[in-house]
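K.L.:
Hey, can you work out the whole structure from these sequences and the hints?
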Amino acid sequence: MDAAKIQLSEEEKGLISNGDWILTKNRVLAKVNGLLADLMARQQGWTATAGMHPGMAFPDAPPKISRGENYQGLPWMMLDYPRLFTPADTFAIRCFFWWGNFFSITLQLAGASQERYAARLSAAYEQFCDRHYLVAIAKDQWLHHDQPDNYIPVEGMTEDTFSAHLRTHGFAKLMTSVPLSKWDAVPDLLLSEYRFLLETVGG
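To convert, note that position 62 of the sequence shown is 1379 in the working numbering; the numbers rise steadily by one, no gaps.
Since the hints were made in silico from the structure, they are not lab data. Cβ coordinates follow ideal geometry from the N, Cα and C atoms, glycine included.
Here are the simulated DMTMM-like pairs of lysine to aspartate or glutamate, each with C-alpha atoms no more than 25 angstroms apart in a straight line:
no.	residue 1	residue 2
1	Lys1348	Asp1337
2	Lys1348	Glu1386
3	Lys1330	Glu1386
4	Lys1381	Asp1406
5	Lys1348	Asp1463
6	Lys1456	Asp1466
7	Lys1456	Asp1477
8	Lys1456	Asp1406
9	Lys1381	Asp1355
10	Lys1499	Asp1355
11	Lys1499	Glu1472
12	Lys1381	Asp1457
13	Lys1342	Asp1501
14	Lys1456	Glu1476
15	Lys1342	Glu1329
16	Lys1499	Asp1447
17	Lys1381	Asp1501
18	Lys1499	Glu1386
19	Lys1342	Asp1505
20	Lys1456	Glu1472
21	Lys1342	Glu1328
22	Lys1381	Asp1463
23	Lys1342	Asp1463
24	Lys1499	Asp1463
25	Lys1381	Asp1505
26	Lys1348	Asp1505
27	Lys1322	Glu1386
28	Lys1381	Glu1516
29	Lys1456	Glu1432
30	Lys1342	Asp1355
31	Lys1348	Asp1501
32	Lys1342	Glu1386
Listed next, with one range per pair, are the computed distances between beta-carbon atoms:
no.	residue 1	residue 2	range
33	Ser1498	Asp1457	22 to 32 angstroms
34	Asp1505	Lys1330	35 to 45 angstroms
35	Gly1473	Asn1343	37 to 47 angstroms
36	Val1345	Lys1381	13 to 23 angstroms
P.N.:
And the structure:
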């Protein structure tokens, strides 16, 4: 390896000589995990008491929090509830923390669930516009960033185009985000959107 490629800048030397920033990062991620765990409990509590529409097939898999260090180079954490991922059917609501970017909540449908719920989502077009949702247009359903090659605003589509897209795209993903600066409000905001999404697919 070229020695010039493994030289450290003064900033980098300072970072490797100081462990405090790593410890701070670890504390922050522990708090994010706690926030998502509390949100998970609130989601389960609301779901148990609200009851589901008889036409809705709610997956019975338990909620799951996962994490990683390298989504586009940055740490992330995700709560999946409900969650169903099979080759023939996908139905999930995913609450996502992405370091340096945002919290988000995404409804992700494919296969049987996409066919089952597309019409109900289409009927909520105005609500998705009012709540500033984005709809996925990329071919890869496992992308989480909000750049225009992945998501576009629902309000930028006509109602007919939105409806057709939900029916014919290879999957349906609808996402809205919360700035990290709204940390204190994040649990309530994400729970509100969780309720909205389940009430929408429940008809």
